[in-house]
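A.B. asks: Letter by letter, the chains look like this.
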Amino acid sequence: MTELLNVTGLTTSFHTSRGRVQAVRGVDLTVKPGEILGIVGESGSGKSVTCMSILRLLKRQGRIEGGSAVFDGRDLMELDEDALTDLRGNEIGVIFQDPMSSLNPTLTVGEQVIETVLRHRNIGRRAARARAVELFEMVRIPSAATRVDAYPHEFSGGMRQRVMIAIALACEPKLLIADEPTTALDVTIQRQILSLIKELQGRLGMAVILITHDLGVIAETADRVMVMYGGMVMEEAPVAEIFALPRHPYTRGLMASIPDPRTAGEGRLSPIPGTPPDMSDPPKGCPFAPRCPVAMRVCAEEMPRLYEAGGPANRSRCWLMDEAAPARAPYNTEDAA
Amino acid sequence: MANGALSRLPLAYVGQRLVLMLVTLWAVITLTFFLMHAVPGGPFVSEKMLAPEIEAALNAKYGLDEPIWRQYLNYLGSVITFDLGPSFKYPGMSVNEMIAEGLPVTAQTGLLAVLCVVALGVPLGVAAALNRNRWPDTAVMTIATIGAAIPSYVIATVCLYIFALRLGWVPAFGLDDWRGYFLPVFALSGFWLSFIARLTRSSLLETLDQDYMTTARAKGLKRRKILLKHGLRNSLIPVVTIMGPVIANLLTGSFVIEQIFALPGIGRHFVLSITNRDYTAIMGITIFYAAFLMLMIFIVDMLYVWLDPRIDYRRRA
Numbered sequence: 001m002t003e004l005l006n007v008t009g010l011t012t013s014f015h016t017s018r019g020r021v022q023a024v025r026g027v028d029l030t031v032k033p034g035e036i037l038g039i040v041g042e043s044g045s046g047k048s049v050t051c052m053s054i055l056r057l058l059k060r061q062g063r064i065e066g067g068s069a070v071f072d073g074r075d076l077m078e079l080d081e082d083a084l085t086d087l088r089g090n091e092i093g094v095i096f097q098d099p100m101s102s103l104n105p106t107l108t109v110g111e112q113v114i115e116t117v118l119r120h121r122n123i124g125r126r127a128a129r130a131r132a133v134e135l136f137e138m139v140r141i142p143s144a145a146t147r148v149d150a151y152p153h154e155f156s157g158g159m160r161q162r163v164m165i166a167i168a169l170a171c172e173p174k175l176l177i178a179d180e181p182t183t184a185l186d187v188t189i190q191r192q193i194l195s196l197i198k199e200l201q202g203r204l205g206m207a208v209i210l211i212t213h214d215l216g217v218i219a220e221t222a223d224r225v226m227v228m229y230g231g232m233v234m235e236e237a238p239v240a241e242i243f244a245l246p247r248h249p250y251t252r253g254l255m256a257s258i259p260d261p262r263t264a265g266e267g268r269l270s271p272i273p274g275t276p277p278d279m280s281d282p283p284k285g286c287p288f289a290p291r292c293p294v295a296m297r298v299c300a301e302e303m304p305r306l307y308e309a310g311g312p313a314n315r316s317r318c319w320l321m322d323e324a325a326p327a328r329a330p331y332n333t334e335d336a337a
Numbered sequence: 001m002a003n004g005a006l007s008r009l010p011l012a013y014v015g016q017r018l019v020l021m022l023v024t025l026w027a028v029i030t031l032t033f034f035l036m037h038a039v040p041g042g043p044f045v046s047e048k049m050l051a052p053e054i055e056a057a058l059n060a061k062y063g064l065d066e067p068i069w070r071q072y073l074n075y076l077g078s079v080i081t082f083d084l085g086p087s088f089k090y091p092g093m094s095v096n097e098m099i100a101e102g103l104p105v106t107a108q109t110g111l112l113a114v115l116c117v118v119a120l121g122v123p124l125g126v127a128a129a130l131n132r133n134r135w136p137d138t139a140v141m142t143i144a145t146i147g148a149a150i151p152s153y154v155i156a157t158v159c160l161y162i163f164a165l166r167l168g169w170v171p172a173f174g175l176d177d178w179r180g181y182f183l184p185v186f187a188l189s190g191f192w193l194s195f196i197a198r199l200t201r202s203s204l205l206e207t208l209d210q211d212y213m214t215t216a217r218a219k220g221l222k223r224r225k226i227l228l229k230h231g232l233r234n235s236l237i238p239v240v241t242i243m244g245p246v247i248a249n250l251l252t253g254s255f256v257i258e259q260i261f262a263l264p265g266i267g268r269h270f271v272l273s274i275t276n277r278d279y280t281a282i283m284g285i286t287i288f289y290a291a292f293l294m295l296m297i298f299i300v301d302m303l304y305v306w307l308d309p310r311i312d313y314r315r316r317a
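Protein chains in written order, with our numbering: chain A, 1 to 337; chain B, 1 to 317.
You may find that some hints are simply not true.
Reference excerpt, derived from the structure (chain A facing chain B, CB under 10 Å, subset only) [unchecked claim]:
#  : residue
1  : R60
2  : I64
3  : L84
4  : T85
5  : R88
6  : G93
7  : M100
8  : T106
9  : L107
10 : E115
11 : Y151
12 : M164
13 : I177
14 : M303
15 : L306
Below, in silico cross-link-like pairs of lysine-lysine (BS3-like), each with a Cα-Cα straight-line distance of 25 Å or less [as the list claims (entries may be wrong)]:
#  : chain 1 : residue 1 : chain 2 : residue 2
16 : A       : K32       : A       : K284
17 : A       : K59       : B       : K225
18 : B       : K222      : A       : K59
19 : B       : K61       : B       : K89
20 : B       : K89       : A       : K59
Derived by calculation from the structure, the hints in this document are not laboratory data.
Just so it is clear, CB atoms sit at the ideal spot from N, CA and C, and this is done for glycine as well.
Here chain B stands alone, though its shape is the one from the complex (with noise of 0.2 Å):
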C-alpha cells in the first residue's frame, strides 16, 4: 500500500513544486522589496536628527546610495547564498543570527502548541461529534467558541493574572522554569484549539453521514472500529490540509505572546523589524516565514497521497 503510494507522487511533480516555491518566494522577496521602498522614511529617519553627513555615510555603508534596482539585485544575490544581510537596527548582529537566536524559543513554544492542538483540539472535536446535540457537544462547542473569539492577549493576560499573580503556580514570564511554558502554550494554542476541535467536530459529523458508514455498520463491525477506521481517517482529511498553515503560524511565533511572557523569540521582530524599518530584518524575517508556510503546506500537499488514495499526481506532473 505504501509503494501504491509513493507510486502516485513522481519526483517530476516534487521537482515542479519545489521549482514553483522558488518562484512564489522570488515574487515575496520582489513584492515586498519594493512595498518596503515605497513607504516613506528609512532606518536611519529618527525624531533625533542625524547630522546629514552621518547618515549618508550610513546609507552608503549599507548601500542605500545606490539605484533602488541595484540594491535589489545585491539584495537578490546574497539571498540566494542565504545571507540575508546585517541588521540596520542592531549594529554587529546578522538578519541570520536574529533568526538563530530567536527561532529556537519560538519554535519550542509553537511547537508544544502544535502538540496541544492536536492532542486536545481532535479529540475534543471527536467527543463533541460522538455526543451531538448532548451535553459534551454542547460543552466542547461553548468553549471552542469562547477560544476563537476571544484575542490571545486576553487569554494570555487573564491567565497571567490568576496563575501567576494569584495563584503563584507558574512564573509570570521566562522559560527558564518548565512551568513557564504553561501560559504561552495555552495562550498560543487557544484559537488553533478551538479551530480544530470545531473542523473535527463537522468534518466527522459529515462522514458519519456518509453512505460508506452505513455499509461499514450493514458488515457488522465494531462501532469502534467503524469510527477509527472507516470515520476518523476520513474526516482528519480536512484537518489535516489546515494543519499545514497552523505549524507554521504557530511555530514563527506571535508577536503579542512574546511581548507578554517576555520571550525573546522571532515573532516580536516581526513588528519591531517593521516599526524601526530594519529593512533587512522584514525582508529575511518575510522571506523566512514564506518559505516555512510554503514547506509547510507542500508537506502536507504530499502527505495526501497516503491520505486519500484519489490523490494521483501523475496527471499533474
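In isolation and in its complexed conformation, chain A is listed as follows (with noise of 0.2 Å):
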C-alpha cells in the first residue's frame, strides 16, 4: 500500500429532465504521497467530476452509483456523513475553478479561513486568527495582517485564489484537489497561481490532484498525467513520456491542436474535428471513436480495454495497442514519435 488515494471503478451519473447523463465511467486512479497528478481532458471529460465524487461533493443530481475510493485505508464511498465532514478540509484540501463565487460574499476572507481551522483543530479563535494570517503571509497575500478583515469583493481574482489556497492548505492536508484553479485567471496570474501551488506542495509534501485542460500546465507541473475523455481514462503516463510519445489518438490530437510559437501567425491551428459525445446517449465502443483519425471497425463496436503501453506506469484505452490490431506499429512503437 504506496498509494496515498486508490479509486476503482468510480461511476458517476447525472439525473437530469434530459435524462441520465454519465459523466464518469468506471474510472481507476492512484495517486501516490507527495506526487502531482494532472488530469486533462475537454469540458465534460468528467475529470471534474471524478474529484468531486471522490470527496462525494456533487451538486444535487448527481449520483455516485459504483466504485471505491480508498484514502489512506477509509473507503470515502462507505464512510459516514460525520467522519467524512472530519476528512474534508483537514486530510483534503479543494481549490475551485472560480474565485469569484467560490468565496461566501458576506463573510470577510479571514472568517473563511479561520472557520476552517477551527472545525478541525482544537485550538482558540485567537490561535486560529493567527493562523490565518500565517497563512495568508504563506500565500503571498500582501499585508496579511490587515487583509483578513477584508471580504471577497475587495481582492482581485487571483488574490481571492490565493484565498482559496489558504483555506484548501489551512490544516495542511495530504492531498489537494486543484480543480482547474487557473481557467479564470489572468495569464500572467495564472503562473504565479501554479507556482505558488508547486511550491506549496514541495513545502508540505502533500499530494495534489490537478484538473486541467491546459496542456502547458501540466507539462509545467505534473509528475504523472490522466488524459480524460467521455467520462474514462484514455491514456495515462509520466508527464514527460506523454509528451514525447503520446500512445492515444486522443492524447495526439490533443497535442496537435496546441499552437505552437514557432509557428504563430503561419499556419493554422489543427483543432480535433466533431465535438465530445453526448453523455446522455455515449458510444457503444470508443467515445472517441467518432472523431478518431484512426479509427477502425471494431472502434465503434467494442469498448477497448486499458492496455499496459510502453511501460509499467503507462496506459493506453485504444484498439491499436492491441495484438490483434493491424495498424499498431505506427502507434506503439518509439520510431513513431
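Take the two lone chains, each set in its own frame, and fit them into one complex as the hints suggest.
C.D. replies: Printed below as a string of C-alpha cells:
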C-alpha cells in the first residue's frame, strides 16, 4: 500500500430532466504521497466530476453509482457523513475553478479561513486567527495581518484564489484537489498561482490532483498525467513520456491542437474535428471513435480496455494497442514519434 | 466588524436620503392635493342639499372659498408644523387625533401580523427549500399558493364563521379578549406570510446552488453550520428588502379586515375619508402612509450595510 488514494471503478451519473447523463464511467486512478497527478480533458470529459465524486461533493442531481475510493486506508464511499466531514478540509483540501464565486461574499476572507481551522483543530479563535494570518503570508497576500478582515469583493481574482489556497491548505492536508485553479485567471496570474501551488506542494509534501484542460499547465506542473474523455481514462503516463510519445490518438489530437510558437501566425491551428459525445447516450464502443482519424471498425463496436502501453506506469485505452490490431505499429513503437 | 459596517454608512449619505425623503413627501402632498381637488364634489356635497348660505359658511370656515393655490400653501404651512388640520366630517376632531386614536389598534394587530409573517414565513420557506420536491415542500407551497390567491376578506369571513360562530373558540369582533387577536392577525398576515414563505424558499434554493456553498462543504463544516452561517444569511437579503414595505403595509392596517372584525383602527379611515371627501383626512392619512413607507424603506436600506458587506454608501454620498 504505497498509494495515498486508490480509486477503482468510479461511476457517476447526473439525473437531469433530459435523462441520465453518464459523466464518469468506471475510472481507476491512484495518487502516491507527494506526487502531482494531472488530469486533462475537454469540458464534459468527467475530470471534475471524478474529483467531486471522490469527496462526495456532487451537487443535487449527481449520484455515485459504483466504485470505491480508498484514501489512507479508508473507503470514502463507505464513510458516514460525520467521518467524511472530519476529513474534508482537513486531510483533503480543494481549490475550485472560479475564485469569484467560491468565496462567501458576506464573510471576511479571514473568517472563511478561521472557520476551517476551528472546525478541524482544537484551538481557540485567537490562535485560529493567527493561523489565518500565517496562511495568508504563506500564499503571499500582501499585508496579511490587515487583509484578513477584508471581504472577498475587495480582492482581485488572483488574490481570491490565494485565499482559496489558504483555506485548502489551512489544515495541511495530505491531498490537494485543484479543479482548474487557473482557468478563470489572467495568464500572468495563472503562472503565479501555479508556481505557488507547486512550491507549497514541495514544502508541505502533499499530493496534488491537478485538473486542467491546459496541456501547458500539465507539462510544467505534473509528475504523471491522466487523459480523460467521455467519462473514461484514455491514457495515463509519466509526464515526460506522454509529451515525448503520446500513445492514444486522442492525446495526439490534443497535442496537435496546441499552437506552436515557432509557427505562430503562419499555420492554422489544427483542432480535433467533431464534438465530444452526448453522455446521456454515449457510443457503444470507444467514445473517441467518431472523431478518431485512425478509427477501425472494432472501435465503434466494442469498448477497448486499458492496455499497458510502453511501460508499467503507462496505460492506453485504444484498440491499436491490441496485439491483433493491424495498424498498431505506427502508434505503438518508439520510432513513430 | 460592526465598526466596519458603520464606516460604510456616512452621515452625509443618511442626510442626503432624509432630504430626498422630504422632497418625495412634498411631491406626494402636492400631487394628492391637486388630484383630490380635481375630482368633482366636496366634503359638504351630499344627497341632502345644504342651504347655499350654510355651505358657503362651511366653506369659509374651512378656507375652501379661497383660491386653490392659497389653500395649498395654507395646507403646506400647517403640515410643516405637523398639524394635519381639522376633519371635515367629524366635527371637533383633528386628523392628528384621528390617527392617534386609530393607530394603536391598527399597529397592535399589524405588529402581531408582522411577527407572524417573519416567525412562520421564514421557517416554512426554509423547511420547503431543504425538502425540495418532497412532501413538506409540496405542502408548504400548496398552502402558500392558496394563501396568496385567496383574498383576505374570504379568509376572514370563513374563519369567522368556523372559529367564532361554529366553534366559539374566539370572539367574533373586538379586541377586548386576547383571543380576539387570532383571527384578524391571521387574516391580515395570510397573504404576506405566503409571500415570504415562497420568497425564502426560492432565495434559499438559489443560495444552496452557489459555488461558495460547495466550498463550505469542502471545508468539512457541519451541515447545520453551512445552512445557518453560509446559506441563510445570504438568502435572507431579499426577504429583508421586502420586509420594509410589508411592515408599512401591515402596520397601517386594512380597511377590509378592520371592517369585518369591527376594529376601531386607522385602516378604515383610508377608505372612508375618500368616500366622505374629507379633504384633510385624505391628505393626512396619505401623508402618514407615505412617510411611514419611506421610513421603512430607508431603514431597510441602512440595514443593508450590516447584511451585505458589498454595500458601500460612501461612493454614493
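A.B. asks: So, for every hint listed, does it hold in this structure?
C.D. replies: Hint by hint, here is what the structure shows:
no. : hint           : verdict
1   : R60            : holds (8 Å)
2   : I64            : violated (15 Å)
3   : L84            : holds (8 Å)
4   : T85            : holds (4 Å)
5   : R88            : holds (4 Å)
6   : G93            : holds (8 Å)
7   : M100           : holds (9 Å)
8   : T106           : holds (6 Å)
9   : L107           : holds (8 Å)
10  : E115           : holds (7 Å)
11  : Y151           : holds (4 Å)
12  : M164           : holds (8 Å)
13  : I177           : holds (9 Å)
14  : M303           : violated (32 Å)
15  : L306           : violated (30 Å)
16  : A/K32 x A/K284 : violated (33 Å)
17  : A/K59 x B/K225 : holds (18 Å)
18  : B/K222 x A/K59 : holds (17 Å)
19  : B/K61 x B/K89  : holds (13 Å)
20  : B/K89 x A/K59  : violated (64 Å)
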